[in-house]
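A.B. asks: With chain A's structure known, arrange chain B on it following the hints.
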Amino acid sequence: MLDAPLINLYHSDDILAWDSKGPRTVREFVSDVSRLADALPDCPALLNLLSNRYEFLVGFGAAMLKHQVTLLPQSRAPETLCLVAKDYEDSYCLTNPGESIEGLDCVMLPLQTGTAERRGKIPRIPLNQVVAIAFTSGSTGKPMPNHKTWGALVSVAHATASRFGVKAGNPNGVVATVPHQHMFGLEASVILPIQHGLVMHAGRPLFPEDVRTALEEMPGKSIVVTTPLHLRACVSADVKLPSLEIILSATSPLTRDLARQAEQRFLAPVQEIFGFAEAGSVASRRTIETDDWRPLDGIVLAGQGAEWTIQADYLPGPARFPDRISVQDDGTFRVLGRAEDQVNIAGHRVSLGDLNQTLLELDGVNDGAFFLPDVEDRSVTRLMAFVVAPGKTTKEIHIGLQKRIDPVFLPRPLFLVPRLPRNETGKLPREALCKLAEDCLEGGSG
Amino acid sequence: MISPNVLPLEQEVAKLIVEALKLKVDPSTIQPEAALFNEGLGLDSIDALELSLAISQTYGYQLKSSDPDIKANFSSVRALAKAIEKHRTK
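Listed in order, the protein sequences are those of chains A and B. Going by my numbering, the residue at position 375 of the first sequence is 375; the numbering climbs one at a time, nothing skipped. One gets my numbering by counting positions in the second sequence from 1 and adding 1000 to each.
Bound-form chain A, shown alone (with noise of 0.2 Å):
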């Protein structure tokens, strides 16, 4: 059977890790993971909800040794991470120390990490052996599983690698700001430097300051894994940040300006990665010099007009694209806009469906919907609600909401009113939310 060795192209000195306890070895590494796996659960999968990205890593690890899935929900929000979890029989949650997830069997992280104390091979994990679920938003409310296998995670980090010049070693490690249970975070902060001899950061930098001490921290040059937002923030801040090899953003679109500042100011290229759940990382451009993305290798187009699928060898199947895009001669494509009902909010996709239907299950909510005004002056723009809820405050519902999606979504401002400008077949009118949107705002009341 066809397998890759779970860290690849180290020695077993190397520095894998560099935690904020210090660096951890790959023969540490080893012995956590091996300890680990001998300590977890007899269960088919788990939620792994640890912070710190190597504490995050041993737990994948040692998931995957004992043929245990890694469920990766959409969000943390209690409700999302329980709806997730009730479809997944025997499944447990691996917490951070003190840590506890209400209606969930919580399993604390049981281990002091590396010790060493156990000696052995770098473990090999079959290809074809499903290590991570990833769930989008279904167009019902329930979490839509796509699965990835071992081998799909490993063709992304290598086409990754291979688009970007990086070899073993070379750039010395990656820092990342986003958040490894998120699949971009998954493939570029953590399989992306484990496949290829770097060292991993196992924080999750928030603040301009916080980058730039981390990259001191990393031993030589590093790629530095963001979002927009994390990238505007640390361009604002006028920080400087050290020893940057590549910056790497997705999960939202960049612009071209902020593109420019940030190689500017950190003497970095910046290139931007397109994907999605169902597929990956799927393809590449250098913002600052096309508006096309240039798929990864492996990677095959396939469609006509504005409706195309991914296709490649590590993929169940043909993954259908969120986006409506153009294809052109030379192999690259443009992307032309959102499909109907998806929004995404710094990273996080969703349908507003999904939303309307969560809104509407709240106890004396009559009627309602969320709703995506056009762009603001802001890096993130926010959702709105309106709601009709007779008796109901808007903090009686923002209280229900919390429960139940993630912080991204909650709708601010919310508004209660008399009744939604619904349309004799039932539809709502786009014009007619954003007159609405418009009489709420001028009536100033949230």
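Just so you know, the hints here were simulated from the structure itself, not pulled from any lab data. Every residue, glycine too, gets a C-beta built ideally from N, C-alpha and C. The reader is advised that the hints may include incorrect statements.
Stated by the list, open to error - Just the calculated beta-carbon pair ranges, DEER-fashion:
(1) B/Ala1034 with A/Ser326: 46 to 52 Å
(2) A/Gln304 with B/Thr1029: 53 to 59 Å
(3) A/Gln342 with B/Gly1060: 36 to 42 Å
C.D. replies: Okay, now just chain B, sitting in the frame of chain A:
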């Protein structure tokens, strides 16, 4: 109504929060000791990042996650104003 026990810097910080995050609330209605994140104003990590930018631009104070007081500093308008008072460079 601004209550008499709200300090001028606290009023300023409440205004900064509302402006930086484009919240549709009147700054004077934010209680200085009310929670900013989760239950209170319901802010999240994207807001924390936006807010940190506004704070560094207005007061020259660069926030760091490694600061042991970071959680406490972000807990309310009052705590944030105190931290700004202590660390501001402009």
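A.B. asks: Kindly indicate which numbered hints from before are broken by the structure, ordering the numbers from low to high.
C.D. replies: Per hint list: zero violations.
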